[in-house]
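Asks: Could you slot chain B onto chain A? The hints should help.
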Amino acid sequence: MSNEPAVRVRGLVARYGDKTAVDGLDLDVPAGSVTAVLGPNGAGKTTVIETCEGYRRPDAGTVRVLGMDPVADAARLRPRVGVMLQSGGVYPGARAGEMLAHTARLHAHPLDVDFLVELLGLGSCGRTPYRRLSGGQQQRLSLAMAVVGRPELVFLDEPTAGLDPQARRATWELVRRLRADGVTTVLTTHFMDEAEQLADRVAIVDAGRVIAGGTVQELCRGGAEDSLRFTGRPGLDLGSLLKALPDGTAASEPVPGTYRVSGDVGPELLATVASWCAQNGVMPDGIAVERHTLEDVFLELTGRELRG
Amino acid sequence: MSTGTFAPRPGAAPIGRMIAAQAALETRMLLRNGEQLLLTVVIPSLLLVLFSTVDVVDTGAGEPVDFLAPGVLALAVMSTAFTGQAIATGFERRYGVLKRLGASPLPRWALMCAKTLSVLVTEVLQVALLALIAFGLGWSPQGGPLPVVLLLVAGTAAFSGLGLLMAGTLRAEATLAAANLVFLLLLVGGGVIVPLDRFPGAAASVLSLLPIAALSEGLRDVLQHGAGVPWGDLGVLAVWAVLGLGAAARLFRWE
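So the sequence lines, in the order shown, correspond to chains A and B.
For what it's worth, my numbering labels the leading residue of the first sequence as 20, then goes sequentially.
For what it's worth, my numbering labels the leading residue of the second sequence as 2, then goes sequentially.
Keep in mind the hints are simulated off the structure, nothing from the lab.
Incorrect hints may appear among the rest.
[As the list claims (entries may be wrong)] Derived contacts from chain B toward chain A, CB cut-off under 8 Å, selection only: (1) Gly5; (2) Gly17; (3) Met19; (4) Ala22; (5) Ala104; (6) Pro106; (7) Trp110; (8) Arg199.
[Stated by the list, open to error] Per label pair, the in silico range of CB-to-CB distance: (9) B:Ala8 with A:Arg310: 29 to 39 Å; (10) B:Arg10 with A:Arg279: 45 to 55 Å; (11) A:Ser271 with B:Thr6: 46 to 56 Å; (12) A:Ala94 with B:Gly233: 55 to 65 Å; (13) B:Ala8 with A:Thr81: 28 to 38 Å; (14) B:Arg109 with A:Pro49: 50 to 60 Å; (15) B:Val189 with A:Asp42: 49 to 59 Å; (16) B:Ala250 with A:Pro49: 35 to 45 Å; (17) B:Arg109 with A:Glu309: 47 to 57 Å; (18) B:Gly236 with A:Asp133: 29 to 39 Å; (19) B:Thr6 with A:Lys262: 56 to 66 Å.
Every residue gets a Cβ at the ideal spot worked out from N, C-alpha and C, and that includes glycine.
Chain A extracted, bound-state conformation (with noise of 0.2 Å):
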């Protein structure tokens, strides 16, 4: 069972009229982790999404979810699957506790709505009907019901989409906690740093397609180097660095007084560098080590245009 992957995609073709959102699209989600598909605006993320929570059938393709079928084994997945749209699903009318205590209660076993309310900062809702909450407050009550009924699994598509960043930390530690109580978690977002804090996994969608798909570590490592920046007195002698380092190291000064230094950058390169300059009577003022991103790979591999 452990083996298992939560939902399991392959070559999932989605279409609306003539124009294909989802083209051939592979995914796995390994039970208890959370997993992160990031994508640029009309990436086809929502779409896959709303396949594997039974809202469209494939127009080509398999979507298993803890093993079974979206759309046929509906009724059965239903209750061990929590769901956070995208925006809306809830009465304009009604207060956010009171549909969150709805919520629970079409569940068996159902979180304690109070806490709830108190760990994702509910409570200032009060009486205010839906329709004139914040879009933060809406998100954070969205984000509840997709848990309250306290699934196996929960798809989140943008939860922090709209937060200001006590509510987005909030989401986040809900994720972590929900990932160490052995909650599988699917989230779509925008933001790096939410695939880079949070995710086990990250699948770049594009085009209808994952492009790129891993650890964050593994996307890390594929692409550019990290490199080691610190600034001194201008035309130190690079030639005499470059013979402390080992092969494959580059140095250079992009502008005068600026040093950067590329390659393997681990504490015994920073070690190097450091005693090069004690040696050379020179302060590494600023030193820095420059990690290439997921925000660096996602942009190389999407593009930089901005998209229509």
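Replies: Just chain B now, kept in the frame of chain A:
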């Protein structure tokens, strides 16, 4: 709380509990909505009081309230089962409420049961209030309760089918406009306050096939004239119910 709070323990609540919870929530939403209350409570009450006490429409022989009360009861059923339900469901569809409920353990058939229950509860409250007002105006109803209940149930089924058909196929704003317009037209042309025999013969026979006319005339036969079960009117309502619910079941779009 300690680790383990979120440990999965999925399961649907018993079906009866889900339907009861859903019906209670839908009824609360309806009673909290000012525009809905205007339609379901204020307008029927005002019409009953106004036309019973002021001699605007010639309601034939006998006390005006004996003519008007059955018509206003029919109007109350239409306001809740058709107009109110169409508008509420149209906006639930628009705001993704139906979509989100589709991902909950509540099956769709159970959602429809809950909606029906909520409509029936509201109708019971309406009938109680309007009967109270009518008695205050000197109403003396005839006939037995069975034909009245049969007519109210058949009318509810007919109007629900038409309301859900509208809500499930039109945009929410179009539903809002159309449901109110139809309410107004049927109020005038459906034998609610204006007797059908005031219309020219051909028009009257067409109008009498409308669900609101069948319901108000059927209720009038029983409550004003002491008739037994009005099978003709029940038949008209049954045909509307089959057509409306059948079309809604085929054409309703949840998103």
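Asks: For each hint, tell me whether it holds in the structure or not.
Replies: Hints, one by one, checked against the model:
no.	hint	result
1	Gly5	holds (6 Å)
2	Gly17	violated (12 Å)
3	Met19	holds (5 Å)
4	Ala22	holds (4 Å)
5	Ala104	holds (4 Å)
6	Pro106	holds (4 Å)
7	Trp110	violated (11 Å)
8	Arg199	violated (40 Å)
9	B:Ala8 with A:Arg310: 29 to 39 Å	holds (35 Å)
10	B:Arg10 with A:Arg279: 45 to 55 Å	holds (54 Å)
11	A:Ser271 with B:Thr6: 46 to 56 Å	holds (52 Å)
12	A:Ala94 with B:Gly233: 55 to 65 Å	violated (42 Å)
13	B:Ala8 with A:Thr81: 28 to 38 Å	holds (30 Å)
14	B:Arg109 with A:Pro49: 50 to 60 Å	violated (32 Å)
15	B:Val189 with A:Asp42: 49 to 59 Å	holds (56 Å)
16	B:Ala250 with A:Pro49: 35 to 45 Å	holds (41 Å)
17	B:Arg109 with A:Glu309: 47 to 57 Å	holds (54 Å)
18	B:Gly236 with A:Asp133: 29 to 39 Å	violated (53 Å)
19	B:Thr6 with A:Lys262: 56 to 66 Å	holds (58 Å)
Hint compliance for this structure: hints 2, 7, 8, 12, 14, 18 are not met, and every other hint is.
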